[in-house]
Amino acid sequence: MRIGELSRRSGVPVPTIKYYLREGLLPAGELTSPNQAHYGAGHERRLRLIRALLDVGGLSLASIGEVLEVMDDPEQPVHKVLGIAADGVTPAGGEEAGPELEEAREEVAELLLRRGWHADERGSAAESLAGVLAALRRAGHSGYIALLDVYADAAEPLARADLDYVQRRVAREDLVESVVVGTVLGEAMFGALRRLAHIDVSYRRFESPQNLSGPVDPEGPHAMEEGAGGGGAGDAGAGGGVEAGG
Numbered sequence: 294m295r296i297g298e299l300s301r302r303s304g305v306p307v308p309t310i311k312y313y314l315r316e317g318l319l320p321a322g323e324l325t326s327p328n329q330a331h332y333g334a335g336h337e338r339r340l341r342l343i344r345a346l347l348d349v350g351g352l353s354l355a356s357i358g359e360v361l362e363v364m365d366d367p368e369q370p371v372h373k374v375l376g377i378a379a380d381g382v383t384p385a386g387g388e389e390a391g392p393e394l395e396e397a398r399e400e401v402a403e404l405l406l407r408r409g410w411h412a413d414e415r416g417s418a419a420e421s422l423a424g425v426l427a428a429l430r431r432a433g434h435s436g437y438i439a440l441l442d443v444y445a446d447a448a449e450p451l452a453r454a455d456l457d458y459v460q461r462r463v464a465r466e467d468l469v470e471s472v473v474v475g476t477v478l479g480e481a482m483f484g485a486l487r488r489l490a491h492i493d494v495s496y497r498r499f500e501s502p503q504n505l506s507g508p509v510d511p512e513g514p515h516a517m518e519e520g521a522g523g524g525g526a527g528d529a530g531a532g533g534g535v536e537a538g539g
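Here our numbering runs 293 ahead of the position in the sequence shown, where the first position is 1.
The reader is advised that the hints may include incorrect statements.
[Said to hold, decoys possible] Simulated DEER-style distance windows between Cβ atoms:
1. ASP457 / ARG488: 21 to 29 Å
2. GLU298 / ALA445: 42 to 50 Å
3. PRO450 / GLU298: 36 to 44 Å
4. GLN460 / PHE499: 36 to 44 Å
5. VAL443 / ASP413: 28 to 36 Å
6. ARG488 / HIS331: 24 to 32 Å
7. ARG488 / PRO392: 29 to 37 Å
8. ARG487 / ASN328: 44 to 52 Å
9. ARG295 / ALA490: 44 to 52 Å
10. ALA334 / GLU362: 17 to 25 Å
11. GLY409 / GLY484: 20 to 28 Å
12. ALA447 / GLY333: 39 to 47 Å
I should point out that these hints are in silico values taken from the structure, not numbers from a laboratory. Positions of the beta carbon are idealized from the N, C-alpha and C atoms, including for glycine.
Use the sequences and the hints to build the structure in full.
See the structure below:
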């Protein structure tokens with residue numbers, strides 16, 4: 294197909310396709326004349342991947358370029374592809390060096406050791422987590438750090454599901470693309486699901502009719518009903534709710 298047809302089928306404007314070609318994000322087409330090139334299904338597939346990583350995954354074009362470069366190198370192990378893709382969605386650490394950050398780094402190292410995770414304690418993901426812990430402590434919410442293992446318990450089955458999906462692929466091209474999609478778009482999918490769950494839990498605790506006339510029970514309205522005959526639900530405190538409007 295010509296570039297106009299590629300644009301129509303992929304939904305990417307022709308000037309944008311030409312830009313991706315100049316930047317090396319999209320491989321050149323097969324020349325059929327000095328100023329005409331033929332493009333195939335692989336070009337359409339690559340364009341859709343680029344747009345998904347850019348529009349949904351939130352990666353920069355520079356990060357996408359790094360990911361695609363590793364993807365296209367058959368000598369690169371799949372584990373490295375996953376690492377490069379993960380780096381693209383990991384916020385850069387913005388915390389200044391100091392006692393709080395060092396303490397947070399120690400907590401991250403202890404977490405990795407405690408859970409037996411084979412990850413670099415000074416890698417980008419660990420540094421990002423350390424920055425979050427330091428920021429929580431500085432904001433006066435160090436109690437949130439106690440939830441680290443709760444978050445880790447949720448992360449482990451998600452990581453296994455991601456890699457189970459990847460391992461169903463046979464061809465290397467399909468495998469490495471699924472690694473990138475699962476890492477980048479899976480991050481976006483989980484973030485959206487977490488926000489939806491926040492909205493639901495917030496409604497059930499703070500807005501549902503069962504909870505409007507009495508104290509809030511962290512176990513939900515059913516637990517309140519079960520405990521109604523035994524003197525009430527106790528003092529649960531409503532101070533840590535997540536707003537439902539996010």
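Taking 44 to 52 Å as the stated bounds, is the beta-carbon spacing between ARG487 and ASN328 within them? holds, 50 Å
That 42 to 50 Å hint for GLU298 and ALA445 (C-beta), does it hold up? holds, 48 Å
CB-CB spacing for GLU362 and ALA334 relative to the 17 to 25 Å hint: Cβ of ALA334 to Cβ of GLU362: about 21 Å, so the range 17 to 25 Å holds.
Using the C-beta atoms of GLN460 and PHE499, is the stated range 36 to 44 Å upheld? holds, 42 Å
Does the Cβ-Cβ separation between ARG488 and HIS331 fall within 24 to 32 Å? Distance hint for ARG488, HIS331 is violated at roughly 44 Å.
Range hint compliance [Cβ, GLY409 to GLY484, 20 to 28 Å]: Holds: the Cβ-Cβ distance is about 26 Å, inside 20 to 28 Å.
Range hint 44 to 52 Å (beta carbons of ARG295 and ALA490) holds or violated: holds, 46 Å
Take a look at whether the Cβ-Cβ distance between PRO450 and GLU298 falls inside 36 to 44 Å. holds, 43 Å
Between the beta carbons of ASP457 and ARG488, is the distance compatible with 21 to 29 Å? holds, 25 Å
Verify the CB-CB distance for ARG488 and PRO392 against the hinted window 29 to 37 Å. holds, 33 Å
State, for the Cβ atoms of VAL443 and ASP413, whether the hinted interval 28 to 36 Å holds or is violated. With a Cβ separation near 23 Å, VAL443 and ASP413 fall outside 28 to 36 Å, so the hint is violated.
Please check whether ALA447 and GLY333 have a Cβ separation lying inside 39 to 47 Å. holds, 41 Å
Of the numbered hints listed earlier, those contradicted by the structure are 5 and 6.
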